[in-house]
Amino acid sequence: MGKRLCVVGLSLCLFFLPFIAIGAEPIKVGIVLPLTGDQAKFGEIEKQSFDLAFEEINNAGGVNGRPIQALIEDDTGRPEVGRSVVEKLITKDKVVMVGGGYSSSVTYAVAGVCQQNQIPFLINTGSADEITAQGWDYVFRLNQPASEYASGMESLLTEVVKPKSVAILHENSLFGTSSAKSFEATAKKLNIEVVMKEGYEHGGIDFKPVLIKVKDKNPDLLYMVSYVMDAALLMKQSMELKLTPKLFVGGAAGFTLPEFVQNAGKASEKVISATLWHQVLPYPGAKEYYEKFVKKYNKDTEYHGAQAYAAAYVIADVLKRAKSLKPADIKEALSQTNMMTVFGPVRFISYGKMINQNKLPTYVVQWIDGKLELVWPKDLATKPLVYPVNWLKEWGYQ
Amino acid sequence: MLVFIQTIASGILIGGVYALIGLGMTLIMGVMGIINLAHGQLMMVAMYITFVLFTHLGLDPYICIFITMPSLFLLGIVIQKYLLNPLIKVESILPENQVLMTVGIGMVLTEIARFIFTSNYVSIKTPYAAKAIFLKNISLNLPMCIAFLIAVFFTLLLFWFLLKTDTGRAIRATAQDKEAALLMGINTPRITYLTFGIGSALVALAGTILLPIYYLFPDIGGPFTLKAFVITILGGLGSTIGAIVGGVILGIAESLGATYVAMGYREAIGFVIFVLVLIFLPGGLKSITKV
Amino acid sequence: MKSVKIILLAIFFVIFPLIVRSDYYLHLMIIAFMWVTIGTAWNLLAGYTGQVSFGHAIFFGTGAYTAGLLASKLYISAWWGMLLGGPCAMLIAAFVGWVCFRLRGPYFALATLAGGEIIRLVAVNWESLTKGMVGILLMPSFKSKLPYYYIALGIAILAMLKVHLLMRSKYGYWFLAIREDQDAAEAMGINTTLYKNISLLVSAFFTGTAGAFYTNYMGFIDPSVVFSLHYISIMTILVVIVGGVATRFGPAIGAFIMVGVQELFRSSIFGLAPKWVSQAHALVFGIIVVFVIMFMANGVVGDWHKISRVFKRAR
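Protein chains in written order, with my numbering: chain Y, 1 to 398; chain A, 399 to 689; chain E, 690 to 1004.
Think of the hints as simulated: they come from the structure by calculation, not from any bench.
One or more of the hints may lead you astray.
[What the hints assert, rightly or not] Taking lysine to any residue pairs in the SDA-like style, the calculated list, with each CA pair at most 25 Å apart, reads:
#: 1; chain 1: A; residue 1: Lys534; chain 2: Y; residue 2: Tyr397
#: 2; chain 1: E; residue 1: Lys762; chain 2: Y; residue 2: Lys94
#: 3; chain 1: Y; residue 1: Lys242; chain 2: A; residue 2: Pro621
#: 4; chain 1: Y; residue 1: Lys326; chain 2: E; residue 2: Met828
#: 5; chain 1: E; residue 1: Lys762; chain 2: Y; residue 2: Met354
#: 6; chain 1: A; residue 1: Lys479; chain 2: E; residue 2: Ser711
#: 7; chain 1: Y; residue 1: Lys162; chain 2: Y; residue 2: Pro384
#: 8; chain 1: Y; residue 1: Lys41; chain 2: Y; residue 2: Gln398
#: 9; chain 1: Y; residue 1: Lys92; chain 2: E; residue 2: Val950
#: 10; chain 1: Y; residue 1: Lys217; chain 2: A; residue 2: Ile406
#: 11; chain 1: Y; residue 1: Lys383; chain 2: Y; residue 2: Lys217
#: 12; chain 1: Y; residue 1: Lys217; chain 2: A; residue 2: Leu554
#: 13; chain 1: Y; residue 1: Lys320; chain 2: Y; residue 2: Pro67
#: 14; chain 1: Y; residue 1: Lys296; chain 2: A; residue 2: Met399
#: 15; chain 1: Y; residue 1: Lys353; chain 2: E; residue 2: Phe984
#: 16; chain 1: Y; residue 1: Lys371; chain 2: A; residue 2: Lys523
#: 17; chain 1: Y; residue 1: Lys299; chain 2: Y; residue 2: Glu55
#: 18; chain 1: Y; residue 1: Lys181; chain 2: E; residue 2: Lys762
#: 19; chain 1: A; residue 1: Lys479; chain 2: E; residue 2: Val950
#: 20; chain 1: E; residue 1: Lys762; chain 2: Y; residue 2: Gln116
#: 21; chain 1: Y; residue 1: Lys378; chain 2: Y; residue 2: Glu394
#: 22; chain 1: Y; residue 1: Lys92; chain 2: E; residue 2: Lys762
#: 23; chain 1: Y; residue 1: Lys287; chain 2: Y; residue 2: Lys94
#: 24; chain 1: Y; residue 1: Lys181; chain 2: A; residue 2: Tyr658
#: 25; chain 1: Y; residue 1: Lys162; chain 2: Y; residue 2: His202
#: 26; chain 1: Y; residue 1: Lys92; chain 2: E; residue 2: Ile976
#: 27; chain 1: Y; residue 1: Lys92; chain 2: E; residue 2: Tyr764
#: 28; chain 1: Y; residue 1: Lys371; chain 2: A; residue 2: Tyr526
#: 29; chain 1: E; residue 1: Lys762; chain 2: Y; residue 2: Ala133
#: 30; chain 1: A; residue 1: Lys523; chain 2: Y; residue 2: Gln398
#: 31; chain 1: Y; residue 1: Lys94; chain 2: E; residue 2: Phe831
#: 32; chain 1: Y; residue 1: Lys41; chain 2: A; residue 2: Pro621
[Stated by the list, open to error] Which chain E residues stay away from chain A? Per the calculated CB distances, all over 12 Å, these:
#: 33; residue: Phe705
#: 34; residue: Ser766
#: 35; residue: Phe797
#: 36; residue: Asn814
#: 37; residue: Tyr839
#: 38; residue: Arg857
#: 39; residue: Tyr862
#: 40; residue: Ile930
Source: prediction; values computed, not measured.
C-beta atoms are modelled at their ideal positions from N, C-alpha and C, and glycine is treated no differently.
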């Protein structure tokens, strides 16, 4: 009797084994990030956030029992490499959808490929407006477009600062150029005169010539869009020139990173910047994500990491809801997304020239006593905004 | 008016730093006819050494000079002796081999740096780095002023060395005519090592004093090599005074261009000067002043 | 290489896509063919005529932007750019030649290097014309890689054929004479300026065509990609040096070696080696260059006898 039971049991197991094996087959998702090259630092934070999120998702059962396998490929920060790797992900690895997209130029090129191959692409960082304004229905974006980075600042400017003029300095890649153009439009809308708008090649040593021009025009605001090292130099050299507008404003990116305060020292103090996210925001899981990340990787995270973490959860949600793993069904599920993440609510709508774009507010932060505090909107602030600022006193001249 | 003066002042100061970089190259190019496309990468090596010394031992960059200069001097000798000199004997179709070898060396140095330090930007914070001296209303960055003074000092030192010492004269002789120098009993291979070593030490100096003002990453070398060329060609091959004048001219031209044309074209100005000088004044300033 | 071997090789390349269906490998082949074209073109000017250009990105980028601008500004299909890319590059080349040919040897090299950087900076800053760093994005016309494969192969074969025929003709003699000793050639009555320019124009034509092809194939260009000193101008030189300068097939072999090495390392030996290997590809390039120039200055083809001797001894 015992023996027969064993035989039956064993046969049943053997019979069901193939089904169990199929059930655990992972779903492949491609992620394109800069893992080497000069954007590697952010690529790393995003990769680590993706890893953290997917680990949690898979431990909780994955997508209907199947784990998600994230194939993270290195675009090295160059669009042509991004193109090649996403093609490889689509044709060789046969991923069901693509995520990631850090630099705007690379994201743009990758989105083109995904659209042409009709594979859904969920962007979480690349911000140039153009990317979702091409009518590409397979391309979706979780994060705010560059033109909206400063939207959270508008009320701050009109209610508190009331500037009459602004000088805009931007690094001249897609991100900087795009952001600068948008802020110019915003300024015009708010009746702020744009006295100067200049691009510079990233990596400069001496910004004094252009900063002297700014000082000469004496604007109320200096708005800068830069990556971190240029941002630090711009502030240090402004300090050296005793350039004192009413306010120094950064357009996110370099101005919100720990490296900025590390490199600029006291020149970073009281500088404000737009930002896309902060761990104190009242989104469920935001603070926990920050703490989990710091504990696991022993370093800070910021909005890029939050974007990646949220994107992973959106991907999981989409794959769960999709009728099948065919591209068209995944695209359908993406367009019907309506969920909350650590980065904020996610719902893809069309507005302006853009489609499949998630609309989120942005916020304003200020470096106070070496820490990045959320200062606007007032009801979410961790510390009150410091304005007006006596720059010469901050910098030790008085 | 203030804008103009400030622009010129900034230009002169940064010209000093450029001049130091160019000084090494003009020596190498003038004496040995070697186009060293790895010049900027040698500077990068010196900067990374300074960075490590500062972060782990707390040594101020101005003290690190005493370590980086000899180190790069040795590295320069090694490169010249084992990688560049042997090429003279190699039979090949294109004489530009030695230039390409320096391209290869530059790539290897850059990638080794990237391997050890990753592509991240790093910098050091010294208390005096962002300090400025004010003359009336003109702001002059302190470390750059010091750099400028050091540049002038070393230019004069090199000038005296080449003019008055035996070794210096041997170097000039080798530059004028290698075979004649050999016949006169000068150990020309040794002179070439020495020259490359000195050239490397000078660019190490430039890098070490540049680090507090700027930042560092593996690819920093390229643009500086190109600037060094502009200065070398502008000042005239082998002319030390030419290097400092060339450096200052480049600095001023870039600053003026950045202020009055557009910041984005700043780098292009150097190249335009370069091409113009190559065409219209092939000997550089040296041919006018004979120094 | 004997004619039989050449024909067999040609047939192999023609039927290759029918055997290997993977888009990934076809992509690598297409990129390799593109470098064959550029390398062969550069070889004509540098290897055979002795004018070492460090600025071939000027012509590649001009061709690329010709195609790109036609498509984005005039809404003409970028394929017309393929026909116009070469001629436009030739126009720029005429100017470059006029400026730079009065310089010799290393000074010519440096002047072309400077020229490449100048045009790159102009492309970055003249946004109203080139859209600056935003770049130009096009939708490639064909989804399948096959048409691109054959076009790239065709251009590469045309380039190699043209160079071969030129070198076999009297022009070949003029070019070599200029390379060996420009003054002696001039003294013998050869119009060196004219022939240097002809060599440059042909070289620019094919490089520009390759650039236009790049725009059509990749669908995205910006100044840092197509006018790049490091990724285009210097890569061209490395391709030819490694393969064998002044040989018929050197550039082609060099192109395959360099593309192969690059992808081998970027993908960490197709995923088999640890991740840090992917960062090593540039280091490997550098080491290859140093090694080749030191021991095999005439490249794989030129110093083939040296390489085969090593293998024979190893037995």
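Verification of the supplied hints:
{"no.": "1", "hint": "Lys534/A <-> Tyr397/Y", "result": "holds (15 Å)"}
{"no.": "2", "hint": "Lys762/E <-> Lys94/Y", "result": "violated (35 Å)"}
{"no.": "3", "hint": "Lys242/Y <-> Pro621/A", "result": "violated (29 Å)"}
{"no.": "4", "hint": "Lys326/Y <-> Met828/E", "result": "holds (23 Å)"}
{"no.": "5", "hint": "Lys762/E <-> Met354/Y", "result": "holds (22 Å)"}
{"no.": "6", "hint": "Lys479/A <-> Ser711/E", "result": "violated (48 Å)"}
{"no.": "7", "hint": "Lys162/Y <-> Pro384/Y", "result": "holds (18 Å)"}
{"no.": "8", "hint": "Lys41/Y <-> Gln398/Y", "result": "violated (37 Å)"}
{"no.": "9", "hint": "Lys92/Y <-> Val950/E", "result": "holds (20 Å)"}
{"no.": "10", "hint": "Lys217/Y <-> Ile406/A", "result": "holds (18 Å)"}
{"no.": "11", "hint": "Lys383/Y <-> Lys217/Y", "result": "violated (32 Å)"}
{"no.": "12", "hint": "Lys217/Y <-> Leu554/A", "result": "violated (41 Å)"}
{"no.": "13", "hint": "Lys320/Y <-> Pro67/Y", "result": "holds (11 Å)"}
{"no.": "14", "hint": "Lys296/Y <-> Met399/A", "result": "violated (56 Å)"}
{"no.": "15", "hint": "Lys353/Y <-> Phe984/E", "result": "violated (59 Å)"}
{"no.": "16", "hint": "Lys371/Y <-> Lys523/A", "result": "holds (18 Å)"}
{"no.": "17", "hint": "Lys299/Y <-> Glu55/Y", "result": "holds (19 Å)"}
{"no.": "18", "hint": "Lys181/Y <-> Lys762/E", "result": "holds (20 Å)"}
{"no.": "19", "hint": "Lys479/A <-> Val950/E", "result": "violated (29 Å)"}
{"no.": "20", "hint": "Lys762/E <-> Gln116/Y", "result": "holds (22 Å)"}
{"no.": "21", "hint": "Lys378/Y <-> Glu394/Y", "result": "holds (24 Å)"}
{"no.": "22", "hint": "Lys92/Y <-> Lys762/E", "result": "violated (35 Å)"}
{"no.": "23", "hint": "Lys287/Y <-> Lys94/Y", "result": "violated (35 Å)"}
{"no.": "24", "hint": "Lys181/Y <-> Tyr658/A", "result": "holds (21 Å)"}
{"no.": "25", "hint": "Lys162/Y <-> His202/Y", "result": "violated (31 Å)"}
{"no.": "26", "hint": "Lys92/Y <-> Ile976/E", "result": "violated (31 Å)"}
{"no.": "27", "hint": "Lys92/Y <-> Tyr764/E", "result": "violated (33 Å)"}
{"no.": "28", "hint": "Lys371/Y <-> Tyr526/A", "result": "holds (23 Å)"}
{"no.": "29", "hint": "Lys762/E <-> Ala133/Y", "result": "holds (18 Å)"}
{"no.": "30", "hint": "Lys523/A <-> Gln398/Y", "result": "holds (22 Å)"}
{"no.": "31", "hint": "Lys94/Y <-> Phe831/E", "result": "holds (20 Å)"}
{"no.": "32", "hint": "Lys41/Y <-> Pro621/A", "result": "holds (23 Å)"}
{"no.": "33", "hint": "Phe705", "result": "holds (32 Å)"}
{"no.": "34", "hint": "Ser766", "result": "holds (31 Å)"}
{"no.": "35", "hint": "Phe797", "result": "violated (9 Å)"}
{"no.": "36", "hint": "Asn814", "result": "violated (4 Å)"}
{"no.": "37", "hint": "Tyr839", "result": "holds (33 Å)"}
{"no.": "38", "hint": "Arg857", "result": "holds (18 Å)"}
{"no.": "39", "hint": "Tyr862", "result": "holds (16 Å)"}
{"no.": "40", "hint": "Ile930", "result": "violated (6 Å)"}
When the structure is compared with the earlier hints, violations turn up for hints 2, 3, 6, 8, 11, 12, 14, 15, 19, 22, 23, 25, 26, 27, 35, 36 and 40 and for no others.
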